[in-house]
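Student: Chain by chain, the residues:
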Amino acid sequence: NAGVTQTPKFQVLKTGQSMTLQCAQDMNHNSMYWYRQDPGMGLRLIYYSASEGTTDKGEVPNGYNVSRLNKREFSLRLESAAPSQTSVYFCGAGDTRGTDTQYFGPGTRLTVL
Amino acid sequence: AQSVAQPEDQVNVAEGNPLTVKCTYSVSGNPYLFWYVQYPNRGLQFLLKYITGDNLVKGSYGFEAEFNKSQTSFHLKKPSALVSDSALYFCAVSSRGSSNTGKLIFGQGTTLQVKP
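These protein sequences, in sequence, are chains B and S. Using the working numbering, the letters of the first sequence correspond one by one to residues 520 to 632. Using the working numbering, the letters of the second sequence correspond one by one to residues 195 to 310.
It is worth saying that the hints were derived from the structure and are not from the lab. Keep in mind the model is a prediction, meaning the values are calculated, not measured. Glycine included, every Cβ here is placed at the ideal spot set by N, Cα and C. Among these hints, one or two may not hold up.
Claimed, not checked - Partial pick of chain B residues on the chain S-facing surface, computed with a CB cut under 10 Å:
hint	residue
1	N549
2	S550
3	Y583
4	F609
5	G613
6	Y622
Said to hold, decoys possible - To give a feel for the contact side, a few chain B residues facing chain S, derived at Cβ under 10 Å:
hint	residue
7	Y554
8	E578
9	P580
10	D614
11	G624
12	R628
What the hints assert, rightly or not - Cβ pair distances, simulated, as ranges:
hint	chain 1	residue 1	chain 2	residue 2	range
13	S	P212	B	E598	16 to 26 Å
14	B	N589	S	K309	46 to 56 Å
15	S	S197	B	P558	17 to 27 Å
16	B	K590	S	N235	28 to 38 Å
17	S	P212	B	D545	17 to 27 Å
18	B	K576	S	S197	11 to 21 Å
Build out the structure end to end from the sequences listed, making use of the hints.
Tutor: What follows is the structure, encoded as C-alpha cells:
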C-alpha cells in the first residue's frame, strides 16, 4: 500500500521545455490535488479534481494544465516552463465524503533554468 | 477571504520543555482544521485534525491541538519536546461551503527547532 506516489523526484528543465508530473494514489480517494511549495508561502493550490472526470483551477493555475486520467491518476503538465515555476510540487489525495484529510506524495523538486 | 495565519516563522525550544506552535484562521461556516509536519526533503505527514466535538484533539507522536472557536485558533502543543520534533509545521483549514471540494488552505509554515 504505497499511498500517494509521484514521479519524477527531481527534474531540471530549460525555459520553454515541457514536462508532465505524474501522481497516483492507491487509497481509493475521490479527490486529488496539485500544490506548489515555495519558501515562506506554504502550499498553494494549482489545480484539483473533486472527482473522476472533473478538474478545477486553484489559486495559482496559470502556466499549468491537468488531466484526471482515472480515479487513481492525476497528472500536471507544464507546456512551456518558466523560471517562476521553479518549486517543489506536491500531489495530494483526499476523501471529501469523509473528513477532508489529505495525504501527500513525496514531492517533485523542479528547477527551470 | 478565507485564510490561515501562522504568526511565527520559527519557534525555538529546549528539549524536554513544552512547545506551542500557533495558528489562527478565518473561514466561513464550521471549519475542519489540520496540522501537518514536513521533515527535510520529505512530503507532508498528517498529524491531527479537528472536525467536531472535544476541543482538545490528540494526534501522532504525542502532539495535541486545542480548538478555540472564540479566538479562531488551533494551536499545536506537546508537553515535552524532542530533538527529533525539529521540522516544518503547517496548519491548514478545509473550507466547507456550498461546494464540498475538500480544498485545504495552508498557513505559511512554522519551523520548529528543538535544541538539546
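Student: What are the numbers of the hints the structure violates, in ascending order?
Tutor: 3, 9, 13, 17
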